[in-house]
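*Asks:* Residue numbers (numbering that gives the first Met the number 0), protein chains in the order written: chain A, 0 to 591; chain B, 0 to 169.
There's no promise every hint is true.
Said to hold, decoys possible - Stretch by stretch, here's where chain A covers chain B in the computed footprint (C-beta under 8 Å, at least three residues):
1) 52 to 66
2) 75 to 87
3) 91 to 101
Unchecked claim - Pulled a few chain A residues facing chain B out of the computed Cβ check, cut under 8 Å:
4) T124
5) H133
6) L136
7) Y189
8) P302
9) H303
10) N317
11) K318
12) R321
Treat the hints as calculated values from the structure; they're not laboratory data. Ideal Cβ placement from N, Cα and C applies to all residues, glycine included.
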Amino acid sequence: MAVQPAVRELSGAEMVIRALVDQNVDVVFGYPGGAVLPIYDALFKQNQLRHILVRHEQGAVHAAEGYARSSGKVGVVLVTSGPGATNAVTGLTDALMDSVPIVCLTGQVPTHLIGNDAFQEADTTGITRPCTKHNYLVKDVNDLARTLHEAFHVARTGRPGPVVVDLPKDVLFATGLYVAPDATPLRKSYRPQTKPEATRIAAAAQLIAVAKKPLFYGGGGLINSGPRACTLFTELARLTGFPVTLTLMGLGAYPASDKQYLGLVGMHGTFESNNAMHDCDLMINIGARFDDRVTGKIAAFAPHSRKIHVDIDPSSINKNVRVDLAIVGDCAEVLTALIAELKAQKYKPDAARIAPWWRQIETWRKRESLRYEKSDTIIKPQYAIERLYALTRDRDVFITTEVGQHQMWAAQLFKFEQPFHWMTSGGLGTMGYGLPAAMGVQLAHSDALVIDIAGEASILMNIQEMSTVCQYRLPVKVFILNNQYMGMVRQWQELLHGGRYSESYTAALPDFVRLAEAFGAVGLRAEKPADVDRVIKEMIAVDRPVIVDVQVDPKENCFPMIPSGAAHNEMLLGPSDRQSSGPVSEEGMVLV
Amino acid sequence: MAAPEAVEKHTMAVLVDNEPGVLARVIGLFSGRGYNIESLTVAETDPNNRLSRITIVTSGTPMIIEQIKAQLNRIVPVHGVHDLSEEGPFVERELALVKVTGSAESRAETLRLADIFHARVVDTTPESYVFEMTGSTEKLDAFISLMAPLGVVDISRTGVAAISRGAGKF
Numbered sequence: 000m001a002v003q004p005a006v007r008e009l010s011g012a013e014m015v016i017r018a019l020v021d022q023n024v025d026v027v028f029g030y031p032g033g034a035v036l037p038i039y040d041a042l043f044k045q046n047q048l049r050h051i052l053v054r055h056e057q058g059a060v061h062a063a064e065g066y067a068r069s070s071g072k073v074g075v076v077l078v079t080s081g082p083g084a085t086n087a088v089t090g091l092t093d094a095l096m097d098s099v100p101i102v103c104l105t106g107q108v109p110t111h112l113i114g115n116d117a118f119q120e121a122d123t124t125g126i127t128r129p130c131t132k133h134n135y136l137v138k139d140v141n142d143l144a145r146t147l148h149e150a151f152h153v154a155r156t157g158r159p160g161p162v163v164v165d166l167p168k169d170v171l172f173a174t175g176l177y178v179a180p181d182a183t184p185l186r187k188s189y190r191p192q193t194k195p196e197a198t199r200i201a202a203a204a205q206l207i208a209v210a211k212k213p214l215f216y217g218g219g220g221l222i223n224s225g226p227r228a229c230t231l232f233t234e235l236a237r238l239t240g241f242p243v244t245l246t247l248m249g250l251g252a253y254p255a256s257d258k259q260y261l262g263l264v265g266m267h268g269t270f271e272s273n274n275a276m277h278d279c280d281l282m283i284n285i286g287a288r289f290d291d292r293v294t295g296k297i298a299a300f301a302p303h304s305r306k307i308h309v310d311i312d313p314s315s316i317n318k319n320v321r322v323d324l325a326i327v328g329d330c331a332e333v334l335t336a337l338i339a340e341l342k343a344q345k346y347k348p349d350a351a352r353i354a355p356w357w358r359q360i361e362t363w364r365k366r367e368s369l370r371y372e373k374s375d376t377i378i379k380p381q382y383a384i385e386r387l388y389a390l391t392r393d394r395d396v397f398i399t400t401e402v403g404q405h406q407m408w409a410a411q412l413f414k415f416e417q418p419f420h421w422m423t424s425g426g427l428g429t430m431g432y433g434l435p436a437a438m439g440v441q442l443a444h445s446d447a448l449v450i451d452i453a454g455e456a457s458i459l460m461n462i463q464e465m466s467t468v469c470q471y472r473l474p475v476k477v478f479i480l481n482n483q484y485m486g487m488v489r490q491w492q493e494l495l496h497g498g499r500y501s502e503s504y505t506a507a508l509p510d511f512v513r514l515a516e517a518f519g520a521v522g523l524r525a526e527k528p529a530d531v532d533r534v535i536k537e538m539i540a541v542d543r544p545v546i547v548d549v550q551v552d553p554k555e556n557c558f559p560m561i562p563s564g565a566a567h568n569e570m571l572l573g574p575s576d577r578q579s580s581g582p583v584s585e586e587g588m589v590l591v
Numbered sequence: 000m001a002a003p004e005a006v007e008k009h010t011m012a013v014l015v016d017n018e019p020g021v022l023a024r025v026i027g028l029f030s031g032r033g034y035n036i037e038s039l040t041v042a043e044t045d046p047n048n049r050l051s052r053i054t055i056v057t058s059g060t061p062m063i064i065e066q067i068k069a070q071l072n073r074i075v076p077v078h079g080v081h082d083l084s085e086e087g088p089f090v091e092r093e094l095a096l097v098k099v100t101g102s103a104e105s106r107a108e109t110l111r112l113a114d115i116f117h118a119r120v121v122d123t124t125p126e127s128y129v130f131e132m133t134g135s136t137e138k139l140d141a142f143i144s145l146m147a148p149l150g151v152v153d154i155s156r157t158g159v160a161a162i163s164r165g166a167g168k169f
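Extracted from the complex, chain A is given alone in its bound form (with noise of 0.2 Å):
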């Protein structure tokens, strides 16, 4: 009997690619291993997927989420069972509070072996169920090409998140029919509200127009619903002129160089962000998630504010902060239908009402919370990044970062204009981010100039993917911020534990230039001021990758800095406040 070809059956491995194929994805971030090799066969036999191939498995999932979020895309990984799985588990968990749309297939012992401790068994949806959106394990080869596809949705609809389809290995040589994406029905449990309600538009609308002392306060939500979203939220921060913070995932979701942006919002945001969060009367949250490290102490949390808050996951809602009106939907529509009301009420700002507002803003301003001691015999961190923000402006650059002081150093002096520039582990913390995340960038955006700022200490967490880097040809740099000690550790011991210095301080660290060298990539050295500028521009001149390691001043702390269990108005602005705002109380001891 003659097979049509458009029902000819493909084995599992076949399915995988092109179902992959279909969702438009060009590269996979992945590890080989025995569950999946039939897998990495029908790469072998392909040449529209591209694959990458990591050093560690944590690394493929940061390299994905490095490529989605600069992206607006799906990542995608693929790695073996038993421990390729395991070591995915903390990108998938970072992924998951940072809501980054990834796709992680995993290899799986054959169905008949499941559940008998077999070699390299793990009961991976068991383990990833909690970090992750959704799962699956897929037995029947039958069910595959629809389960790829509904993952896809998943992952990339409502609040994005990494989902895990887990790939036993006779599945993967099992024959079936393939399904087209826009064959496989949407599941019915599954539908995401992402338009808003029109009496909550309305009851918004009117909460501006009274406002008298008026805040937008943007995170990552903007950056997940894209660039639209971002130029109606600044489109709609103009029209009321309203003052603007951000949250750190909400980072170039508006122009940090307009007048109306205040700066990053929370512990160590800026002196007039985070007063403005105390005093507002209306606090107006576009697809941030009041996280503990921006509302401090909850009590105290913008006591004399109403609230509204845009979010597309409801249980964000009312989950830290109790808010007055909750707009669930997603940040374009929402913004979309929100200027439309505002419009169509004829709305025009008010500037003399909000003239005090700005006013007492401007008060704020003037303190110059982020400014540091200079120096012109030791390298302060900061200003090191200000070099880097100053030589680079005039390029396409994306930051990602490592975690700890030099990620809030950055966060507070880059500054962005446009979404999908940076990169970094807000919910999770993940050390070790940066380095796999950039060679994501870079692969996403191949002009482009891609660093990963990063801490001497982080580094190391993921030092490996250097390799990767240098075997794809990647330019991706890497500014060290050197200070010997894991800093943030080393600072909240010094502010909180009586300057005992517990095991933050690494008494061998590695000659960065020669591990540079190494791997093949180009190590430099700053070891003082005088050096920065000049390491930054041989850095951005060589097309190859590149380690900075800049050696800084290791006794720096990061200011501002609300103390944890302190509210807003009770930050610390620099070392010489400490002594004034006495002890962390006990409550705030115990917080993280």
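For chain A, the structure is supplied; the task is to place chain B on it using the hints.
*Replies:* Only chain B this time, still in chain A's reference frame:
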């Protein structure tokens, strides 16, 4: 600071796709986020559409209860969450199997008590009875505590099943 909100008990009906792992997702949510489960029952109720109904009795402040519902709704195979305690009057029933042993003189008293509670004898031997008893959780508690001094050796309870009163769904 405002006074802490009072803890309330809520009975919820959760409609889910009957697929592997769905119960683990629900239970994992409760343990992972530190919510309370007082009772949980599950069975397929709509075989044509492969839907199961999970009845959960939980407790928490109003803010926590709201979170529990929102978090349950976020699980991909969950079709809907109905807070029966909030949506109107509802009926709650639980079934218990209670095994009582005892000497000749206490056996008469055992049977008399069972009769008062309308418990059915589903197994009997010269030394023991097994009673089947249906009712609200409180009624079952009362029956078991009265039987205890007479020689209860084992109890098996199903947990609560609940449904709204009237013609409406759920």
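*Asks:* Hints first: check each against the structure and report whether it holds.
*Replies:* Right, here's what the structure says about each hint:
A stretch counts as covered by a chain when three or more of its residues have a beta carbon under 8 Å from one of that chain; for the stretch 52 to 66 of chain B and chain A the count is 3, and the coverage holds. Counting residues of the stretch 75 to 87 of chain B whose beta-carbon sits less than 8 Å from any beta-carbon of chain A gives 4, enough to reach three: the coverage restraint holds. Coverage of the stretch 91 to 101 of chain B by chain A is violated in this model, with 0 residues showing a Cβ closer than 8 Å to a Cβ of that chain against a need of three. At its closest, the beta carbon of T124 of chain A sits 6 Å from a beta carbon of chain B; the interface hint therefore holds under the 8 Å criterion.
Checking H133 of chain A against chain B by beta carbon gives a least distance of about 4 Å; that is within 8 Å, so the hint holds. Because the closest C-beta pair between L136 of chain A and chain B is about 7 Å apart, less than 8 Å, the hint holds. Hint status for Y189 of chain A relative to chain B: holds, with the closest Cβ pair at about 5 Å, below 8 Å. Here the hint on P302 of chain A is broken, as its CB sits about 10 Å from the closest CB of chain B, past 8 Å.
Using the Cβ-Cβ criterion of 8 Å, the hint placing H303 of chain A at the interface with chain B is not satisfied: the shortest such distance is roughly 15 Å. A least Cβ separation of about 6 Å between N317 of chain A and chain B falls short of the 8 Å threshold, and the interface hint therefore holds. This hint holds: K318 of chain A has a C-beta 6 Å from the nearest C-beta of chain B, less than the 8 Å allowed. The criterion of a C-beta within 8 Å of any C-beta in chain B is met by R321 of chain A, whose closest approach is roughly 7 Å, and the hint holds.
Violated hints, in rising order: 3, 8 and 9; the structure is consistent with all others.
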